[in-house]
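Participant: Spelled out, the chains give:
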Amino acid sequence: MVNRGNHMKTSSSHRSFRRIGAVLATAGLLVSACGGSDDTEADSEPAAESSPEPAAEPAAEPAEDDTLGEAETDVTLPPDDDADSIFGGTLRYGLEADVNGLNPTSSALSAPGLMMANAVFDTLAVYSEGDTSTPHLAESFTASDDLMTWTMKLREGITFHDGTPLNAEAVLVNFNAQRGDPLVGLAIMPFFPQDDSAAVALDDLTIEFHVNFPIADFGSIVTGQLGMVASPTWIAAAKEDPTLNQAPVGTGPFKFDSRSEDSVTRFVRNDDWWGGDVYLDAVEFYPVTDGDDRNNLLFNGDLDALQTTNQASILDLLDSDAVQNIIDDTSEESFAMMNTAIPPFDDIRARQALAYASPVEEYVELIGLGVSRRASQRFTPESINYNPDLVQVSNDPDTAVALVAEYCAERGEETNPLLGTTTCTDGKINIELQWSGPSVVQTRIAELLDEAWSVGFNVTFQELPQDGHILQTAIGQYNVNTWRQFGAVDVWTDNVWLLCATINPAGLSLNWPRNCDEQRDALLFQATAMSDLEARAEVLKEAEALINQAFTYVFFTHTTWVNSFADNVRGVCDHTSADGVKMRCAVSGRTWFSKIWIE
Amino acid sequence: MNYWVQRLTASLMLLLAVSMLTFAAMNLLGDPLFNILGPAAADTKPESLEKVAAAKELYYLDRPLPERYVRWLGDMVTGDFGVQFGSTGQPPVSELVKERFPRSLTLLVMAQLLAAMIAIPWALISAARANKPADRISTVNSFLLIAMPNFALAVILKYVFGIKLGWFPLTFKATDPWLTRVYQTFLPALTIALPAAAVYQRLLRTDLITTLQEDFILMARSKGVGRRRVLFKHALRPSLFSFITVFGINTGTLIGGSLIVENIFRIPGLGSAIVEAILREDFPVVLAIVMIITTAFVLVNVLVDAVYTLIDPRVRR
Amino acid sequence: MSDTINRRLGPLFWIAVGWLVLISLLALLAPWLPIKDPDAYYLVRGERPPYAPSATHWFGTDQDARDMFARTIFGARVSLVIGFVAIAFGMLVGGTTGVVAGYLRGRTDRIVSFVFIVFLSFPSLVLAILITALLDRGLVTIALTLGVLAVAPVGRLARATTLSFAEREFVTAARAIGAGDRRIIIRELLPNVVIPMGALALLGMAVAIVAEGGLAFLGLSVEKGPTWGKLILIGAGSRELEKSPWIAFGPIIILFITVLSLNYAGDRVRSYFDVREIGL
Numbered sequence: 001m002v003n004r005g006n007h008m009k010t011s012s013s014h015r016s017f018r019r020i021g022a023v024l025a026t027a028g029l030l031v032s033a034c035g036g037s038d039d040t041e042a043d044s045e046p047a048a049e050s051s052p053e054p055a056a057e058p059a060a061e062p063a064e065d066d067t068l069g070e071a072e073t074d075v076t077l078p079p080d081d082d083a084d085s086i087f088g089g090t091l092r093y094g095l096e097a098d099v100n101g102l103n104p105t106s107s108a109l110s111a112p113g114l115m116m117a118n119a120v121f122d123t124l125a126v127y128s129e130g131d132t133s134t135p136h137l138a139e140s141f142t143a144s145d146d147l148m149t150w151t152m153k154l155r156e157g158i159t160f161h162d163g164t165p166l167n168a169e170a171v172l173v174n175f176n177a178q179r180g181d182p183l184v185g186l187a188i189m190p191f192f193p194q195d196d197s198a199a200v201a202l203d204d205l206t207i208e209f210h211v212n213f214p215i216a217d218f219g220s221i222v223t224g225q226l227g228m229v230a231s232p233t234w235i236a237a238a239k240e241d242p243t244l245n246q247a248p249v250g251t252g253p254f255k256f257d258s259r260s261e262d263s264v265t266r267f268v269r270n271d272d273w274w275g276g277d278v279y280l281d282a283v284e285f286y287p288v289t290d291g292d293d294r295n296n297l298l299f300n301g302d303l304d305a306l307q308t309t310n311q312a313s314i315l316d317l318l319d320s321d322a323v324q325n326i327i328d329d330t331s332e333e334s335f336a337m338m339n340t341a342i343p344p345f346d347d348i349r350a351r352q353a354l355a356y357a358s359p360v361e362e363y364v365e366l367i368g369l370g371v372s373r374r375a376s377q378r379f380t381p382e383s384i385n386y387n388p389d390l391v392q393v394s395n396d397p398d399t400a401v402a403l404v405a406e407y408c409a410e411r412g413e414e415t416n417p418l419l420g421t422t423t424c425t426d427g428k429i430n431i432e433l434q435w436s437g438p439s440v441v442q443t444r445i446a447e448l449l450d451e452a453w454s455v456g457f458n459v460t461f462q463e464l465p466q467d468g469h470i471l472q473t474a475i476g477q478y479n480v481n482t483w484r485q486f487g488a489v490d491v492w493t494d495n496v497w498l499l500c501a502t503i504n505p506a507g508l509s510l511n512w513p514r515n516c517d518e519q520r521d522a523l524l525f526q527a528t529a530m531s532d533l534e535a536r537a538e539v540l541k542e543a544e545a546l547i548n549q550a551f552t553y554v555f556f557t558h559t560t561w562v563n564s565f566a567d568n569v570r571g572v573c574d575h576t577s578a579d580g581v582k583m584r585c586a587v588s589g590r591t592w593f594s595k596i597w598i599e
Numbered sequence: 001m002n003y004w005v006q007r008l009t010a011s012l013m014l015l016l017a018v019s020m021l022t023f024a025a026m027n028l029l030g031d032p033l034f035n036i037l038g039p040a041a042a043d044t045k046p047e048s049l050e051k052v053a054a055a056k057e058l059y060y061l062d063r064p065l066p067e068r069y070v071r072w073l074g075d076m077v078t079g080d081f082g083v084q085f086g087s088t089g090q091p092p093v094s095e096l097v098k099e100r101f102p103r104s105l106t107l108l109v110m111a112q113l114l115a116a117m118i119a120i121p122w123a124l125i126s127a128a129r130a131n132k133p134a135d136r137i138s139t140v141n142s143f144l145l146i147a148m149p150n151f152a153l154a155v156i157l158k159y160v161f162g163i164k165l166g167w168f169p170l171t172f173k174a175t176d177p178w179l180t181r182v183y184q185t186f187l188p189a190l191t192i193a194l195p196a197a198a199v200y201q202r203l204l205r206t207d208l209i210t211t212l213q214e215d216f217i218l219m220a221r222s223k224g225v226g227r228r229r230v231l232f233k234h235a236l237r238p239s240l241f242s243f244i245t246v247f248g249i250n251t252g253t254l255i256g257g258s259l260i261v262e263n264i265f266r267i268p269g270l271g272s273a274i275v276e277a278i279l280r281e282d283f284p285v286v287l288a289i290v291m292i293i294t295t296a297f298v299l300v301n302v303l304v305d306a307v308y309t310l311i312d313p314r315v316r317r
Numbered sequence: 001m002s003d004t005i006n007r008r009l010g011p012l013f014w015i016a017v018g019w020l021v022l023i024s025l026l027a028l029l030a031p032w033l034p035i036k037d038p039d040a041y042y043l044v045r046g047e048r049p050p051y052a053p054s055a056t057h058w059f060g061t062d063q064d065a066r067d068m069f070a071r072t073i074f075g076a077r078v079s080l081v082i083g084f085v086a087i088a089f090g091m092l093v094g095g096t097t098g099v100v101a102g103y104l105r106g107r108t109d110r111i112v113s114f115v116f117i118v119f120l121s122f123p124s125l126v127l128a129i130l131i132t133a134l135l136d137r138g139l140v141t142i143a144l145t146l147g148v149l150a151v152a153p154v155g156r157l158a159r160a161t162t163l164s165f166a167e168r169e170f171v172t173a174a175r176a177i178g179a180g181d182r183r184i185i186i187r188e189l190l191p192n193v194v195i196p197m198g199a200l201a202l203l204g205m206a207v208a209i210v211a212e213g214g215l216a217f218l219g220l221s222v223e224k225g226p227t228w229g230k231l232i233l234i235g236a237g238s239r240e241l242e243k244s245p246w247i248a249f250g251p252i253i254i255l256f257i258t259v260l261s262l263n264y265a266g267d268r269v270r271s272y273f274d275v276r277e278i279g280l
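In order, the protein sequence lines correspond to chains X, D and P.
With the working numbering, letter number 546 in the first sequence gets 546, and the count goes up by one each step, no holes.
With the working numbering, letter number 45 in the second sequence gets 45, and the count goes up by one each step, no holes.
With the working numbering, letter number 228 in the third sequence gets 228, and the count goes up by one each step, no holes.
The shape of chain X in the complex, shown without the other chains (with noise of 0.2 Å):
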């Protein structure tokens, strides 16, 4: 853990909370898509998997600037149904970065890293291309009339890569793993109630879960790293010995064969698939964490596949002929967030100041670099729970320097317990930025936004390695940090980061900016039990004002996630469910490989 130096003066607040949080999880995965690189953006935030939103099809891709004009709507039309796919070949897979494990149940997975999982694991259910979640894995799920019981039944005759039979004791052993695990656990713990009474086998093949709250669709839950279902001797053998960690078995189209860390993955195809036949004959995974060596492996014909946040790499990807992109800027946004519990961010007032002295203007233009649109909200103008009226303010020093002003007034003799000095000194309001890092790119978002927020903020620079950052964002030990989280295909899963019920004042909270608003959580819960899709977006709308009234968030961008593929690889957006939906092609920057065969 690093976080000493500048806070070696205020010895006990910081260090002592150091050792009473743990790190979240994330409902879901911890989708830290960065490894420090230099090319990675604000990545290090744990996105909330659970629902990928409908699936943004490149052509239904409506781009506001030039840049992202035709070069979106370039994917491969699916192989006419008497051409022969093509069995064979390995697809060489460029990551952002490695990961240190991959078990479900107590590896945080980024999105690399749920990446590599989507070829050995397959999930309870999936998204279609529309918002909602079709049974893969399990057969049908069920509810009761309240909706907060539901029943998921399992498809009869899959066994995992090792023998076992996948039953409900499988999904069981999963489930629990999961939530003893410190990390994944805490993400699930707002939705199921703390004892066995969560989740009850009825047979063999039937599990009953009950949740805390009506849930109009359970199947949004399972759909990510929650519902990936691991062979359960293997998790108690990974128990036992660790390093088992790096083997995973699942049920998954592709097995397990070898692991050289930060060098290569290889997943061999699974013969006896119960989805169907599997083209490829290996996937394999490379770290790469330099965006423009990614992009020349492409180029040159050493990798077939990519998978990249960093707006400069996205452009020469565009740009270029010879590459298939899929663009999909509805999942993260991309924003700074102030932690509402410490001075000087528990008074709405500074919180205003930062928002109006941020550069986003600057910051679209310079780091978005076309390729991320402005956003003002945890949804894109396509999106049915778009609010129209809602504004980002920034931009406006003037109205920073009134606000700090009146601020500094009335509460500039306070302590910032972070900093251990007074809230204002010399009439500004003194506060600590924290990003993940070494990053190029993070270090000048925080140069430019210091650059900005001078006006009326005194900024100190702390940049933490990952996991440092996740854990002092988790225990409050922050001022403001630069952040990237939502983009859940099924919103209501994003409650997570923002109930009264996730924030522990002691411990760990996931509603990072630990601002509750009752009413704000009233609407939630009300939207995420309505399945009238059209309705719910008005509910969900007057959340979204809410937030924006809290001036917790100052959004930036959305994220755009692209996946590039080598012109000769088909079969890239094919993949189906179990039952033959067809799939969203890429759920925040991750693709299936079921499909897939190279020419």
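Just so you know, these hints were derived from the structure itself, not from any lab.
Note that the structure is predicted; figures quoted are calculated from it, not measured.
No residue lacks a Cβ here, since even glycine has one placed at the ideal position from N, Cα and C.
Careful: at least some of the hints might be erroneous.
Only pairs whose alpha carbons sit at most 20 Å apart, straight line, appear in this in silico PhoX-like list of lysine-lysine [unchecked claim]:
| # | chain 1 | residue 1 | chain 2 | residue 2 |
| --- | --- | --- | --- | --- |
| 1 | D | K164 | P | K36 |
| 2 | X | K239 | D | K56 |
| 3 | D | K51 | X | K239 |
| 4 | D | K233 | D | K223 |
| 5 | P | K36 | P | K224 |
From the structure, some residues in chain D lie toward chain P, with a derived Cβ separation under 8 Å [as the list claims (entries may be wrong)]:
| # | residue |
| --- | --- |
| 6 | L8 |
| 7 | M148 |
| 8 | T294 |
Over 12 Å on every C-beta distance to chain X, these chain P residues come out as not near it, computed from the model [to be verified]:
| # | residue |
| --- | --- |
| 9 | L9 |
| 10 | G18 |
| 11 | P53 |
| 12 | L157 |
| 13 | P191 |
| 14 | F217 |
| 15 | L220 |
| 16 | L241 |
| 17 | N263 |
The hints should help you fit chains D and P onto chain X, whose structure is shown.
Facilitator: Chains D and P only, in chain X's frame:
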């Protein structure tokens, strides 16, 4: 014999001192429990508390610092470098070292070879044309090379040969065949080799010029032996003494320089491993690599001394 | 004997010194110079940075439209300060310890020598990384860290020089007339040791400046403010080198000339005074 016993004892004490310094620094300034267990370190669930207890036992975290040091030392001497910090079961440190050591070694060996291959002919030519324009230009060149910081040189070489000319690949892939990997290591090796070659060349040139003025050289020339022959056969060998000494001692400096170069060219060797490990506060890895580097350093010094004693009869004790 | 004995420091020496004085002055007076604001974003609507060198931006701008010339000058402030403080600390601590050890000999000398050797055997960059990563990355910490690393090499030289002088007649003579140890060290030895140390100081500054650059490349340099290493790092990505090489090359050139000047000046001082020594 007495001298060597003294030498070895001093070297051992040195290694001990370095290890104590590093061990103390890491353990006093960092938080091993969090680094080992991650989030579980602070969690209150029973499973996590179990993990905490297990970790404390495995790593002797509750014992006083000196005791932990002695235990670590005992393990290290028997070849057990411990386990990487982290709760997701990385391979043991010795695996990591085994995997990465050859790459760093290749880089270093290539660098020194290149440096020697560049420096010796260069010095010979300069000495032969001492003080003529060619020599003056080369003196300037070598001076420029020495002044160039290694990371700046890396950027320049990467730009000129990697991007503009495209002669060399910019990435290192561990899965490539050996020859390809050597090719990928060429540019980084050159980055390290060029400044070193400049240093060697300056030294060798000076010594050659001095030797060329000795009596036995004049004798040979007066007997009619050709200039080139005189240079190669008679002048080179005696002039090599300082060169060999500096060559050996410089290995230590090169090891340090290779850290940055490994990072810039993204070669997965010991240099990048230790930088990442320090940032992650992965103590066993840091300690292991520090010990390896220091041991290598000490060994090289002893070796250089031994070689020097052997080849120069004047220095025999 | 050897090829050329330079009895003069030479014109190049003064050019090097001139450059050093110039860059130091620029660094010192930077806030008052009529150059652009190093932290300001000179965005031109409709044109995406980085902007190539031009009359408005002599060294061009970086990806965020910040003026590279101004940033390089301001970067000099940090880099030069680090170099200076580091070597000053090294000379103060290392120099004193070395002289004392060289003079007193015996047990003090053995202990001090051992400590020096320990530090010299340690790959110094690793030590620097260790300390900056574990502590903080303020200007003082980094400068002092590099200073601590300078102690051993400086001390070793001071000790060696002292050893060679301590045998000389003038020291023996001083002792014969009853001068105490302290007096001898201060009045007889120190003045003679200072000169080779001066040369080392110049060389040492170059090393410290380069070391800061190395740390910056690992992401471990000073947290706020431009330094030469940080500037070069931002411009050193493959994409930047291909499309906008000026970002890295501006600072590289200034850094190179400064280090070159320091090296050359140090070298000339050393050979100049060495020769005088021989003449004695």
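Participant: In ascending order, which of the hints set out earlier in this document are inconsistent with the structure?
Facilitator: 1, 6, 14, 15, 16
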